[in-house]
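So the sequence shown is numbered by UniProt numbering: it starts at 1 and just counts up by one.
Derived by calculation from the structure, the hints in this document are not laboratory data.
Treat the hints with care, since some could be wrong.
[Said to hold, decoys possible] Using 25 Å as the maximum straight-line C-alpha spacing, the simulated BS3-like pairs for lysine-lysine come out as follows: (1) K137 / K28; (2) K42 / K28; (3) K137 / K151; (4) K86 / K103.
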Amino acid sequence: MTAMDAYQQATLAILLFYVENILLSGDKSIILPPLRASLDSKYNTIECASELRSYYKSRPEMRSYTLETELPRADYVVLVNDAEGKTQELTTTQEIQEYFASKGDKNDLDETEDIILRASNQSLLADILAALTGSDKLIRMQHFVTGVAAKCQFSIDLRMDECNNRGVTVTSTLLVSMPSGDFERSDARLNLANIHVRAQFHPSSAPEDHDQVRYEILSLEPLLSLSSDAHLLVKASKSLAKDLKELERINADVPEEKTQEEEDSARRDSHFKQVVLHSDNHTISHTIDASKKGICCALKKANMLQRAMLDAATQTKARYQHAKEEKVMLKTKARYQHVKEEKAILQQAMLDAAIETKARYQHVKEEKYQNKQSYNKPCWMLQ
């Protein structure tokens, strides 16, 4: 057991405050009321619903993504009208895929149904993830905390009735976790809490109607206790402190760009939406590097602990260097591919130029030969 230095103590203090006051207080968390108010004012609006419709309308590939990728790994219920107009419930992957395959072959889905199908996947959680993520919110990337969809249940209602309230509802459990500092496993995470959320999207079916969207935070469920799990937070904080020091060293060599708050407000919506759309539900946890600006400045201003905290667990092994080396290798590979492609383009251009030059040379040679023949003809032949 080794004592914690001042930097590690400060990191632990910040982490403990976040975990104890924000996550472990559950539904009494002080952060829930302002987050719910933010959802109502910024996201649960007609404008946001209209943007969602436009977003999915421009992405026809999302239909196959729902049916081929999401459907087999999540819980789906699809409500449709049978031949007699009665409600038919489809629950298995096979019967749902067969139903839409028959519709697709006949192009028998109207625009509203098609939009609903394109939206019936985890991309619908993008906005609520953005709303929950920030330096002072539930999911704090400055602590390398992530929120990943651990469970999703989709209810797709395509029934035609007098209400015509067709749409999709997804209820999801977001697992909030951070690196545990246990380097026996490269992917070890310390589970902090579950956030239970719901998203509902009802694209309009008539010109006089409005698209509707509603995001809700249902509940916050703590997954650890300070009384019995404090040693786990100590271990995680030592790992976090080490990573933050390394980031401080890296940031010192990087020109200052935008503050974290500016990056959050300017890039949050598009960033998270693209991440969820083009990756699986584990990819979100690999995007935290994008928000490392300003972390060290905040730590330096934090109040230092006045007493020593708990003894640290077994001294941790370095893992950031390994991740850094992998990142360098990926960048090198990408650059090599780019150079290779440029080289191929250049070679093709040189080949085209050579062919053109050869053709011009042949043309000049023929003209020269014809001129020579004309020059050597007797005068009486030229008349």
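Tell me if the straight-line CA distance from K137 to K151 falls inside 25 Å. Roughly 22 Å separates the two Cα atoms, so the pair holds.
Hey, K42 versus K28, does the alpha-carbon distance stay inside 25 Å? 23 Å, holds
For the pair supplied as a hint, K137 and K28, is the alpha-carbon distance within the 25 Å limit? Measuring from Cα to Cα gives roughly 14 Å; hence the hint holds.
Taking 25 Å as the top limit, are the C-alpha atoms of K86 and K103 close enough? 18 Å, holds
Checked against the numbered hints above, the structure violates none of them.
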